[in-house]
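Undergrad: Next come the chains, spelled out residue by residue.
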Amino acid sequence: MTAVSPLRRVLEPILWFAGLLLLWQLLVRAFDVPIFVLPAPTDFLADIVEERQRLLYHGLITTKLILIGFVAGAVPGVVLAYLIAKFRIAERILYPIVIFIQGLPKVTLAPLMLVWFGFSDLPKVLLTALITFFPVLVDSVTGFKSIDPRQYYLSRSVGASWWQTFRLFELPSAAPSIFSGFKITIVIAVTVVIVVEWLNSQNGLGYLVLRAMDSSNTPLIFAVLVVGSVIGVVLSFGMALLERLLLPWRRY
Amino acid sequence: MYRFKNLIMTSVCATAASLVAAGAFAADKVTMQMNWTADSAHLGFAVAQAEGIYAAHDLEVTLVEGRGSSVAAQLVATGQVELGYADTGAALKVASQGAPIKIVSTIWKSGQFGIQFLADSGIKEPKDLVGKKLAVSPGSAMMPLIPVFLKANGIAEGDVELVTASESAFLGLLTSHQVDAVSQTPENIVVPLAAQGIEAGNMYFYDNGVPIASLSLIAREDKLAANGDVYKRFIQATAEGWKQAMADPDKAIDDLLQIFPETENSKESLKQAAVYSFASVCPGGAGDTIGVTAPETWDEMFSVMTTAMDLSSDKPVTTYYTNDFVPAEPVTCP
Amino acid sequence: MATSQDHHIMPMQTTGPNPVIYALGRLYGSFVGSFLIGAVAIAALLGLWQWLAVWFEVPTWLVPKPSDFLGRLVADWQTISYHAGATSLTILEGFALSVIVAVPLALAIVSIAALERGLYPVIVFLNIMPKTVIGPILIIWFGIGPVVAALIVFLMCFFPILVDSMSGFRAVDPRLFYISRSMGATRWQSFWKFRLPAAMPAIFSGMKIGVVKAVEGVIIAEFIASNKGLGFMIMQASSFMDMSLMFAGLIAAAIVALIFNGAMGIAERVLMPWGNAGH
Numbered sequence: 001m002t003a004v005s006p007l008r009r010v011l012e013p014i015l016w017f018a019g020l021l022l023l024w025q026l027l028v029r030a031f032d033v034p035i036f037v038l039p040a041p042t043d044f045l046a047d048i049v050e051e052r053q054r055l056l057y058h059g060l061i062t063t064k065l066i067l068i069g070f071v072a073g074a075v076p077g078v079v080l081a082y083l084i085a086k087f088r089i090a091e092r093i094l095y096p097i098v099i100f101i102q103g104l105p106k107v108t109l110a111p112l113m114l115v116w117f118g119f120s121d122l123p124k125v126l127l128t129a130l131i132t133f134f135p136v137l138v139d140s141v142t143g144f145k146s147i148d149p150r151q152y153y154l155s156r157s158v159g160a161s162w163w164q165t166f167r168l169f170e171l172p173s174a175a176p177s178i179f180s181g182f183k184i185t186i187v188i189a190v191t192v193v194i195v196v197e198w199l200n201s202q203n204g205l206g207y208l209v210l211r212a213m214d215s216s217n218t219p220l221i222f223a224v225l226v227v228g229s230v231i232g233v234v235l236s237f238g239m240a241l242l243e244r245l246l247l248p249w250r251r252y
Numbered sequence: 001m002y003r004f005k006n007l008i009m010t011s012v013c014a015t016a017a018s019l020v021a022a023g024a025f026a027a028d029k030v031t032m033q034m035n036w037t038a039d040s041a042h043l044g045f046a047v048a049q050a051e052g053i054y055a056a057h058d059l060e061v062t063l064v065e066g067r068g069s070s071v072a073a074q075l076v077a078t079g080q081v082e083l084g085y086a087d088t089g090a091a092l093k094v095a096s097q098g099a100p101i102k103i104v105s106t107i108w109k110s111g112q113f114g115i116q117f118l119a120d121s122g123i124k125e126p127k128d129l130v131g132k133k134l135a136v137s138p139g140s141a142m143m144p145l146i147p148v149f150l151k152a153n154g155i156a157e158g159d160v161e162l163v164t165a166s167e168s169a170f171l172g173l174l175t176s177h178q179v180d181a182v183s184q185t186p187e188n189i190v191v192p193l194a195a196q197g198i199e200a201g202n203m204y205f206y207d208n209g210v211p212i213a214s215l216s217l218i219a220r221e222d223k224l225a226a227n228g229d230v231y232k233r234f235i236q237a238t239a240e241g242w243k244q245a246m247a248d249p250d251k252a253i254d255d256l257l258q259i260f261p262e263t264e265n266s267k268e269s270l271k272q273a274a275v276y277s278f279a280s281v282c283p284g285g286a287g288d289t290i291g292v293t294a295p296e297t298w299d300e301m302f303s304v305m306t307t308a309m310d311l312s313s314d315k316p317v318t319t320y321y322t323n324d325f326v327p328a329e330p331v332t333c334p
Numbered sequence: 001m002a003t004s005q006d007h008h009i010m011p012m013q014t015t016g017p018n019p020v021i022y023a024l025g026r027l028y029g030s031f032v033g034s035f036l037i038g039a040v041a042i043a044a045l046l047g048l049w050q051w052l053a054v055w056f057e058v059p060t061w062l063v064p065k066p067s068d069f070l071g072r073l074v075a076d077w078q079t080i081s082y083h084a085g086a087t088s089l090t091i092l093e094g095f096a097l098s099v100i101v102a103v104p105l106a107l108a109i110v111s112i113a114a115l116e117r118g119l120y121p122v123i124v125f126l127n128i129m130p131k132t133v134i135g136p137i138l139i140i141w142f143g144i145g146p147v148v149a150a151l152i153v154f155l156m157c158f159f160p161i162l163v164d165s166m167s168g169f170r171a172v173d174p175r176l177f178y179i180s181r182s183m184g185a186t187r188w189q190s191f192w193k194f195r196l197p198a199a200m201p202a203i204f205s206g207m208k209i210g211v212v213k214a215v216e217g218v219i220i221a222e223f224i225a226s227n228k229g230l231g232f233m234i235m236q237a238s239s240f241m242d243m244s245l246m247f248a249g250l251i252a253a254a255i256v257a258l259i260f261n262g263a264m265g266i267a268e269r270v271l272m273p274w275g276n277a278g279h
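Chains as they are written, first to last, in this note's numbering: chain A, 1 to 252; chain B, 1 to 334; chain C, 1 to 279.
Read the hints as simulated data drawn from the structure, not as lab findings.
One should not assume that every hint holds.
[What the hints assert, rightly or not] Facing chain B, from chain C, some residues (calculated, C-beta under 7 angstroms): (1) W61; (2) I100; (3) G143; (4) S239; (5) F240.
Using N, Cα and C, we set each Cβ at its ideal position, and we do this for glycine too.
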């Protein structure tokens, strides 16, 4: 395979993307598609500029919710994963329950939470945490289980305490898997939060989608789609960056 | 020293006066959960809020936009809000599950459900539907009401050709003359068609033998027992708000846009929808009482709901509503 | 004196270990055992819930008891299985569509370098899009119904199948082609008899993940965009505050998920007995 310059590597996808957008634009205009059925890229890009204040306001609310919900789900996930990996009894008893609850469509609990807790932030955070908990748990269990048992010979022979063992041996060994789980889950969290906001919120991007649907403002729906994707990309990169910082020894 | 004493006296008096004043203006807080986002169904509330009618009745009201009538009814049931504004059918279904809620005032006394048709289709009364094509959406609330409607007007079910289609297709089907009539609400059919310059007509189920109330105020029984007076004042103020809205629709629309600035509805479409909204509030025309449905009408509605709308008939209709909190002096339609 | 032999020979015992304890010990370690323990754990959880709900006299319309919703599972069996069937059909349609689109596309991307450099990154970006927001747009085009739900399922399974198929097609040993070409195989025969089977384990791996995602996503998809299926049934039940039916629906959804995932596991054993299953 011929070597391709790095510049071209970045440029080609952008060209493809732009090309697809151009095709879309031409098709919409050629077939005179009404704006509420399929807006042309110029329509919703213009909408993004026009409504940028609103999008920014709601986008920040959504991002905040994603981050809080993610942390609220990921931290217990890692903790429980450690317990499950370390203690056979915990694994035997807890894991089947986890698998079972994982199979339940948790988003459907959203209207229930709405009725129990109203439009406040609690149900939204709770739901997001619930949904991010499971993928993080599964990947962290894989991570903690992949620790080479011979490491313990080393840690015990130098008389390391539990905390030292955890911090210096167990966590770093499991970290690649854990971060892999984080990266996947944060992207899932974006979708989840938007759905939850749609059902249970008076603000945020999901709520904005609802308003847009109400008034057949399809360009706004696409605008939210774009903003949501951008948030997803940013958070995904942020997570990768965090991994680079915390695990500098990993090579790709 | 004299001056100092004077100062003390005046400041004490002033404080006392302001305390008394504050006490007099200590309003009761009420949160009302709406059925959906703000539209013509909420004009009366907007007027009552913006024009200070609630304040004049010592009420501090918060109107919260909602996610559906059922959600609103359920939020009342769980005590999250003091009042809900929801469709009667949805509210009754929630109540029939055991939730201790009651309808305290029917605002849209006639439902918005009905039959819409193009002005040139030759349809004026229910009987004109014989031999015509009527589009109905299978999952909609209108579907179960059609047989009741036909029967009430002496039309055999086979005489009208029912076409199933999804609601989003209705406008297209009408304008392309693939069907003669659709079953939806005027706000969703007549108003958009008018915006395109096409005239359409409407007949309500309510006026044609199928009395169903629509949006009503709901409250939880224990809160009604504890704060009955607050509810009475709210209903009174709301009724007055609606009366004022009907007297000056343009101002009402301005009030709505002021209270709910995020609303996407244009003034024009609100104005047209308002006509139908007001028609639902006052189906009996001028002199009809705002917010009150008579027990006899309730009985009729109940029989429709238990036969056509899957409502369980375990409990009598009187468990579901109460007219104890409506204004002593009826607020009448202009 | 202890010799090394002593460690290997089981000492003769006059009485064997207690047979019950022995059996329980064997059970503990086995697959059936862990299934049983899991079932017991879940049953205990449900029992606790039931007891709490009764003890605090929680009304059914607020929080249903396990006895309520498990009872509904049996009582409303017909409705639930109708919707479960609709959901299963939706999963199959969405999944089949994504396989039909993703596998050939994977081959194309792997074969044409320009596509891999240009199109693939675009697809990766599109995958980050919150697919549920596409739901409302699809509703505007197709109306509310299983079509939209199937399309959302398609979007959800598409990417894992694409990625794993690509890795499968890429990893084919080039020496296989020397052999096949030296025997005069046409391009089509090359593909069908060599490349595809070699890539199958990876494709299948992708399909397994795809099914998991499909099963997760179908309920949400039906929730927001359909008028049939378990997601729709759950939403309807919750909107009428019929909590028992709602929870019964949740359990049914979990069962459907288990069935589909289990079926994939079995299919794996059947289709690829040579045991190259997964990475």
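Undergrad: Are the hints correct? Go through all of them and say.
TA: Tested hints:
A least Cβ separation of about 4 angstroms between C:W61 and chain B falls short of the 7 angstroms threshold, and the interface hint therefore holds. With 7 angstroms as the threshold, the beta carbon of C:I100 stays out of range of chain B, its nearest partner Cβ sitting at about 27 angstroms, so the hint is violated. At its closest, the beta carbon of C:G143 sits 4 angstroms from a beta carbon of chain B; the interface hint therefore holds under the 7 angstroms criterion. For C:S239, the suggested interface contact is upheld, since its CB lies about 4 angstroms from the closest CB of chain B, less than 7 angstroms.
Restraint check, C:F240 versus chain B: the minimum CB separation of about 5 angstroms is within 7 angstroms; hint holds.
Violated hint: 2 only; the structure is consistent with all others.
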